[in-house]
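**Student:** The chain contents come next:
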Amino acid sequence: LAKTTQPISMDSYEGQEVNITCSHNNIATNDYITWYQQFPSQGPRFIIQGYKTKVTNEVASLFIPADRKSSTLSLPRVSLSDTAVYYCLVGPFYNTDKLIFGTGTRLQVFP
Amino acid sequence: EAGVTQFPSHSVIEKGQTVTLRCDPISGHDNLYWYRRVMGKEIKFLLHFVKESKQDESGMPNNRFLAERTGGTYSTLKVQPAELEDSGVYFCASSQDRKYEQYFGPGTRLTVT
Numbered sequence: 026l027a028k029t030t031q032p033i034s035m036d037s038y039e040g041q042e043v044n045i046t047c048s049h050n051n052i053a054t055n056d057y058i059t060w061y062q063q064f065p066s067q068g069p070r071f072i073i074q075g076y077k078t079k080v081t082n083e084v085a086s087l088f089i090p091a092d093r094k095s096s097t098l099s100l101p102r103v104s105l106s107d108t109a110v111y112y113c114l115v116g117p118f119y120n121t122d123k124l125i126f127g128t129g130t131r132l133q134v135f136p
Numbered sequence: 209e210a211g212v213t214q215f216p217s218h219s220v221i222e223k224g225q226t227v228t229l230r231c232d233p234i235s236g237h238d239n240l241y242w243y244r245r246v247m248g249k250e251i252k253f254l255l256h257f258v259k260e261s262k263q264d265e266s267g268m269p270n271n272r273f274l275a276e277r278t279g280g281t282y283s284t285l286k287v288q289p290a291e292l293e294d295s296g297v298y299f300c301a302s303s304q305d306r307k308y309e310q311y312f313g314p315g316t317r318l319t320v321t
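Sequences listed follow chains A and B, in order.
Position one of the first sequence corresponds to residue 26 (my numbering), numbered consecutively onward.
Position one of the second sequence corresponds to residue 209 (my numbering), numbered consecutively onward.
In short, the hints are calculated from the structure, not lab data.
Computed from a predicted model, the values in this text were never measured in an experiment.
Note that the Cβ used here is the ideal one computed from N, Cα and C, for glycine as well.
Honestly, I wouldn't trust all of these hints.
Stated by the list, open to error - Simulated restraints, written as ranges between beta carbons of each label pair:
hint, chain 1, residue 1, chain 2, residue 2, range
1, B, Thr321, A, Gln133, 26 to 36 Å
2, B, Thr281, A, Ala91, 41 to 51 Å
3, B, Lys262, A, Asn55, 19 to 29 Å
Unchecked claim - Chain B regions said to be covered by chain A (calculated; three or more residues, Cβ under 8 Å):
hint, stretch
4, 232-240
5, 250-258
6, 261-269
To be verified - In silico EDC-like pairs for lysine to aspartate or glutamate, Cα to Cα no more than 20 Å straight-line:
hint, chain 1, residue 1, chain 2, residue 2
7, B, Lys286, B, Glu265
8, B, Lys259, B, Asp238
9, B, Lys252, A, Asp122
10, B, Lys223, B, Glu293
11, A, Lys123, B, Glu250
12, A, Lys123, B, Asp238
13, A, Lys77, B, Glu309
Start from the sequences and build out the full structure, keeping to the hints where you can.
**Tutor:** See below:
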């Protein structure tokens with residue numbers, strides 16, 4: 026499965042837009058990009074998934090350029106409750122159920 | 209609808225003892241997964257059940273770990289005998305279909321002293 030690289034940590038303030046970029050240079054043709062969020066003392070929670078271009082849901086947007094070698098998770102107007110670790114995962118959608126987590130990005134939102 | 213539940217939330221045992229972790233998936237989810245994070249490391253896949261069958265157990269570290277899912281409902285993960293390096297957080301997840309949207313439980317923190 027494709028290896029991902031993301032910043033170890035990011036800081037932001039309430040009300041700002043946060044963009045977390047993930048690099049996946051070796052992404053394969055049948056790989057999807059999935060983001061999970063994890064709060065302290067909880068298990069990871071699915072946020073969003075995409076293959077190309079842009080995907081938006083009630084929580085976030087996912088931007089994927091044409092070459093798919095990177096992706097950006099965008100969180101609009103973050104609040105203190107968005108403080109969490111965000112994981113970028115890359116892998117085939119139906120061929121495997123094995124989620125492979127990297128180190129993730131620890132987002133800290135300040136008042 | 210109840211989410212994935214795990215029991216206990218925290219377990220402290222001595223090296224050489226046995227511990228059994230339990231996971232109750234979301235009702236109707238045939239797929240059940242176990243993951244763990246040991247200290248300072250990333251979350252790692254352990255195994256995957258489809259109903260009562262082990263679909264993939266490639267992540268199980270050694271034969272001290274035994275996972276079961278009798279009847280295709282809840283699952284147990286037994287560690288016998290426990291070693292110090294088994295300390296960490298054990299997560300269970302379930303999904304309805306074979307896709308990347310897995311629902312995780314809160315985890316069981318295992319401490320082996």
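**Student:** Sort out which numbered hints this structure fails and list those numbers smallest first.
**Tutor:** 4
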